[in-house]
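Chains A and B are the protein sequences, given in the same order. According to this note's numbering, the first sequence is numbered sequentially starting from 1. According to this note's numbering, the second sequence is numbered sequentially starting from 1001.
In case anyone wonders, no lab produced these hints; they're calculated from the structure. Please note: incorrect hints may appear among the correct ones.
Now the in silico label distances, taken between C-beta atoms and shown as ranges [to be verified]:
| hint | chain 1 | residue 1 | chain 2 | residue 2 | range |
| --- | --- | --- | --- | --- | --- |
| 1 | A | D92 | B | G1188 | 48 to 54 Å |
| 2 | A | S205 | B | Q1010 | 53 to 59 Å |
| 3 | B | G1155 | A | R278 | 24 to 30 Å |
| 4 | A | E91 | B | L1164 | 37 to 43 Å |
| 5 | A | M198 | B | E1017 | 54 to 60 Å |
| 6 | A | E38 | B | A1261 | 49 to 55 Å |
| 7 | A | E91 | B | G1085 | 45 to 51 Å |
| 8 | A | S213 | B | A1261 | 41 to 47 Å |
| 9 | B | S1190 | A | S248 | 33 to 39 Å |
| 10 | B | A1157 | A | R278 | 48 to 54 Å |
| 11 | B | R1153 | A | D92 | 46 to 52 Å |
| 12 | A | P207 | B | G1199 | 52 to 58 Å |
| 13 | A | D92 | B | E1154 | 18 to 24 Å |
| 14 | B | S1190 | A | E38 | 43 to 49 Å |
Taking beta-carbon pairs under 8 Å as the criterion, some of the chain B residues facing chain A (in silico) [said to hold, decoys possible]:
| hint | residue |
| --- | --- |
| 15 | G1005 |
| 16 | V1013 |
| 17 | D1264 |
Note that the structure is a prediction, hence the values are computed from the model and not measured. C-beta atoms are modelled at their ideal positions from N, C-alpha and C, and glycine is treated no differently.
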Amino acid sequence: MSGNIAIELGPARFRNPVFLASGPAGYGTEYEELIDLERIGGVVTKTITLEPRAGNPGRRLWETQGGLLNSVGLENVGAERFFKDKLPALEDKGIGVIVSLAAEGWDDYEGLLGAADDSSAAAVEINLSCPNVERGGMAVGTDPELVARYVELARKRLPDRAIIAKLTPNVTDIVSLARSAEKAGADAVTAINTVLGMDLEGEDSRPVFRRVSAGLSGPAILPVALDAVWRITRSVDLPVFGVGGISSVDDAIKFFAAGAFAIQIGTAVFYDHTLPERIVEAFEQRGLPARN
Amino acid sequence: MIDPGKGHFQAVVSRRESLSPSCVLLSIERPRDFPEARPGHFVSIRVAHSIEPLLRRPYSIMDLTGSELVLLVKVIGKGSALLAGREPGDELDIIGPLGGTVFPEPEGGEAVMVAGGTGLAPVLFAARAWRNANLHLVYGASCAEEILESIVREGFASTHFATLDGSLGYHGDAVSLCAELVNGGKVGGSYLYSCGPKGMVSALEAGLGKRFTEHYTSLETIMACGVGACRGCTVPTRGEKSPAYRSICADGTVFRAREIAWEDWNDR
């Protein structure tokens, strides 16, 4: 089997179901010389907030066994510059884009959705799960009722765009978050964002990050992500973007077998940027992997 | 911004030379199509085809000729130990050249270059690239064995060594030696260049920055993407908005030392 592996989500259509995950992929263009972004499904751009954010002070990266802790803290150029410069730079080249948005409070969320509404973005991923910021992010995303409120407002303000809710694994039951997103009108969910983690260093065993806890990504979290995708797809009737630790074509196949509708590659692009295209190639030759 | 165009290459190690108890010189056959690079550019190497260590490792380019790419590797952990252990004939997975800024050539042709440890690499690349310049090297290491004298080739108007234990040259750090030399009128020039530990460069800027028209420094830190996407390797800079973080991999590696908010650049 081979050929067309395009996917559709609401009004958005993508070449295939292989995306670069939000965060590592930056605004997409940074990788242009290394990854053929027109070959993959698209880029989930770095999360933007209404106002620019400087990001967290102090160390932001720390490698662990098979994983990477980060405390970047949603450094971004803000909605105005993103929609004016960054998004057109991708769209003009025919690169698939999912725009990642994060609120820093309710008022600000209204503004952010307004900016998205004024833009050409066909699909938005609401980041309800960043562990590295004080307001918004995981503080909202661990509460099923707040997840519902945030998704509902996005649905209302962006009626003709695809709405994807990105969920945190740092809860007792991620399925309840997916159910909230479904009831509130999301078109899909993304599972998972980074897993909370920390490390200690030095003779006095001090936390490596100023904020102590950071977000763990990379191969170490694959089983956590796979489990989330499996459980969500068996309880909720929404397409799921599977993300977390995918490092090989075989890993990608597992996510589809677990029920994923599409996948996102994050940390692996740092050390193996050829992976997204290799996965696309494998799928084009063999067709999309079957669901278990 | 000086972007030479970057690529992904499989390159073969041609020579491995142990220079000191901790440092190895790795010469790599320059892959065909490997773009030109300038002092301050770096490459990012996948040191193992496994997930341990996970990330690529960044290395300053020490030399790039028509046939060779030369790197200076100091063993400080698992990743550098794996790379330093590569033998001639081994293949390396390399991305590069990376970096958005480079050392500009000195005005007037005379300059002082301060290197600490493997910070020597981009400084040597500059000395090789600017053959007509009058360059004074001030180079510090922990002890005589770690002073890589054999690779400090001709190309400098004068060379000055400092060791922390006093086993070779000046007894003390490179910054103190540089201050003595500058104050004594023994070295000078329009520009000051540096590469080395953060403490060395910040002390150099605090003590001697104002004595030069410009102080350019090539910074190093832990990196993930190497292309400016992940915002993991940022350094706080002075500007209208504070804090303003810039990425060392893409906005650097070379910065004006006075632009860095040294007092805010901490691990925690």
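Hint check:
Under the hint 48 to 54 Å, the C-beta atoms of A:D92 and B:G1188, about 51 Å apart, fit the expected range. In this structure the supplied range 53 to 59 Å is violated for A:S205 paired with B:Q1010, their Cβ-Cβ distance being about 40 Å. Evaluation of the 24 to 30 Å hint for B:G1155 and A:R278 yields a failure: the beta carbon distance comes to about 44 Å. Between A:E91 and B:L1164 the Cβ separation comes to about 55 Å, which falls outside the hinted range of 37 to 43 Å.
A hinted range of 54 to 60 Å for the beta carbons of A:M198 and B:E1017 is inconsistent with their spacing of about 40 Å. At roughly 39 Å, the beta-carbon separation of A:E38 and B:A1261 lies outside the given 49 to 55 Å, and the hint is violated. Between A:E91 and B:G1085, the C-beta spacing of about 46 Å keeps the proposed range 45 to 51 Å intact. Between A:S213 and B:A1261 the beta carbons are some 25 Å apart, a value that contradicts the proposed interval 41 to 47 Å.
Here the CB-CB span from B:S1190 to A:S248 is close to 53 Å, at odds with the stated 33 to 39 Å. Separated by about 51 Å at the C-beta atoms, B:A1157 and A:R278 satisfy the suggested range of 48 to 54 Å. Under the hint 46 to 52 Å, the C-beta atoms of B:R1153 and A:D92, about 48 Å apart, fit the expected range. Between A:P207 and B:G1199 the beta carbon distance is about 22 Å. The supplied range of 52 to 58 Å is therefore violated.
Judged by the Cβ atoms, the range 18 to 24 Å given for A:D92 and B:E1154 is violated: they are separated by roughly 51 Å. At about 47 Å, the CB distance of B:S1190 to A:E38 agrees with the hint of 43 to 49 Å. The interface hint given for B:G1005 is met, as the beta carbon of that residue sits about 7 Å from the closest beta carbon of chain A, less than 8 Å. Of the supplied interface hints, the one on B:V1013 is violated, with its beta-carbon coming no nearer than about 19 Å to a beta-carbon of chain A, more than 8 Å.
For B:D1264, the shortest C-beta to C-beta distance to chain A is roughly 7 Å, which falls under 8 Å, so the interface hint holds.
In the structure shown, a violation is registered for the earlier hints numbered 2, 3, 4, 5, 6, 8, 9, 12, 13, 16, in ascending order.
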